[in-house]
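Undergrad: Residues per chain, in single letters:
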Amino acid sequence: MKILEFLSNPIIGIEQWIMQLLENWGVTPEWQTFLVYLIGAAILGTGALLITLILIWAERKIIGRLQDRLGPNRIGPWGIFQPVADMLKIFIKEHIIPDGVDPIPYHLAPIISVASVLLLWSVVPFSDSVRGSDLNVALLFILGVGGLGELGVILAGWGSNNKYSMLSAFRASAQMISYEIPMAIVLLATVILSGSMSMGDIVKSQNIAYIFFLPLGAFIFFVASIAENGRAPFDLAEAESELVAGFNMEYSGLKFGMFYVADFLRAFTSAVIFSSIFLGGWRGPGAEQIPILGFVYLLIKSVIVWFLGVWIRGSLPRFRVDQMMAITWKFLTPLALALFIAVAFVMKLLENTNQWLQVLILLVINVALFFVGFAIIKKFEKEKERKIVSSKKRVLAQPTNPFTQSETGG
Amino acid sequence: MTPLQIVFILVALVTIVSALFVVSLRKIFHAALWLIVTLMGVAIIFALLEASFFAAVQILVYIGAIAIILIFAIMLTRNIMSDEEVQINRSWGIVLFLVLVFTVIFISQLSSSDVINTILIPLEFQGQESIIAFGEGLLDPAGYALPFELASLLLLGALVGGVYIAMDKKGGENK
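Heads up: the sequence lines are chains A and B, in that order.
Our numbering puts the first residue of the first sequence at 1, with every later residue one more than the last.
Our numbering puts the first residue of the second sequence at 1, with every later residue one more than the last.
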């Protein structure tokens, strides 16, 4: 029976075992907590980084299938060991530091990028009792740590001493700062629903998942999180065709690898946070009795959300800079504000009524707001004229007569 | 010594040293980066004092917004990075003397007062209660409702002013 008990909640079991061990060694209680938290943080960080290996393989495979390719298929069955080979290659690659870089920002940027993603894992509740830290301001923490990611991009762009990196850093930070606003407002709406800013409380209060209360909010959060991560269709900062390779172009070897890992991990991390806030996190049938089931539920939900992101990444073309700015400032932010006000009023009016009634009314309001928003956009889209920037004549690669020059300069 | 004390001493040292770098470095971009380290140190000290709301807001507002805007301003301004400027003016000697005198007076007077010798008492609040109490204090008429509303009015005024300055007054090309 004891082994079953242990298997149903292995993390807490191991924690208690280590505590017991430290106590027998004569360690004071304060240092016991400190050491256990240290070990926990190390395991969590390493685990998150190891997940990335599988994520990179899966994402390349899925994108390959979406684009009618095979994807990696050489090393191991279905090419599953491709990221391992890539990792080994990146470890032994020469690390080139270009001339004229600003050393402190240049070397600090990749570290901040990875750290800002790993920090987010510290507030994710994996089950009722297993979590890094039950911070009572976890939502603010998530937003604040997002700001640190911005800092990594700016430092990389500045430190590289390259105009393309710099331009890309400007684009990336403008995008991240802008999309943080609708995200923060939607998170405020979830705080109204749950009455708490702690992730543990938010997950626990979701007897009905918040995606049914706030489908529009979930949509805004999802779009904003894709933009925060700088993935397609919001990958303006890494536009290969316009900016060579974006803010990380002067990095090689392991430092480039860190940006790469941070990028892939951030996509999965935001899926985990989305499923914790809107899909009920670890909650599911039997998760309270058998905590290990909570991990499984959270993983399944996150993988579904993450797959949606990869699907969008493989399907949609990139937005222009002005479109990217218009989406957040003219569509997402006003909608999020309207939604926030509506949620505040409805939840105060229906404070002590049945939860299903609240869901129903908020659902109607969400759908109505969504359609009103789209109708307004359609109306303005018709009125607005777009200037034609390029000439309609096509540039010839070769002039028909080699002795005269054509009008378009061919 | 408990781990908390070790962390506090380390963080306090880093905060003070990086604050010194902020005012003494020649490259203003590096000074801005050290300012971020200083603000981070203050955030960690808030966290050590169990003021988690202030720690999070410190990171969110000061590092996520103000420091980033500061870096933007530096990156977009030309000729602000020159190394030739003299960092001190002629009266540095007398200023140093006055500062030393005031420091001695302050330390000798304050070290015996109650303000410095406050004993920290752990909060009785659990989880969300401290934030709820904070919010109620801000919106309670007997508490800080008036300064809070005045501050929000001030910020709204600044927002409208910023939009007005940035607005294209002639109508211009983009209507």
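Note that these hints are calculated values from the structure, not bench results.
Certain hints may be false.
[What the hints assert, rightly or not] What follows is a set of in silico ranges between Cβ atoms, one per label pair, in the way DEER data are often shown:
hint, chain 1, residue 1, chain 2, residue 2, range
1, A, 337, B, 137, 22 to 32 Å
2, A, 317, B, 61, 53 to 63 Å
3, B, 158, A, 337, 51 to 61 Å
4, A, 374, B, 30, 40 to 50 Å
5, A, 379, B, 168, 52 to 62 Å
Ideal placement from N, C-alpha and C gives every residue a C-beta, glycine not left out.
Undergrad: Hints first: check each against the structure and report whether it holds.
TA: These are the hints, each one checked on the structure:
no., hint, verdict
1, A:337 <-> B:137: 22 to 32 Å, "26 Å, holds"
2, A:317 <-> B:61: 53 to 63 Å, "36 Å, violated"
3, B:158 <-> A:337: 51 to 61 Å, "19 Å, violated"
4, A:374 <-> B:30: 40 to 50 Å, "47 Å, holds"
5, A:379 <-> B:168: 52 to 62 Å, "23 Å, violated"
In this structure, the hints that do not hold are numbers 2, 3, 5, in rising order.
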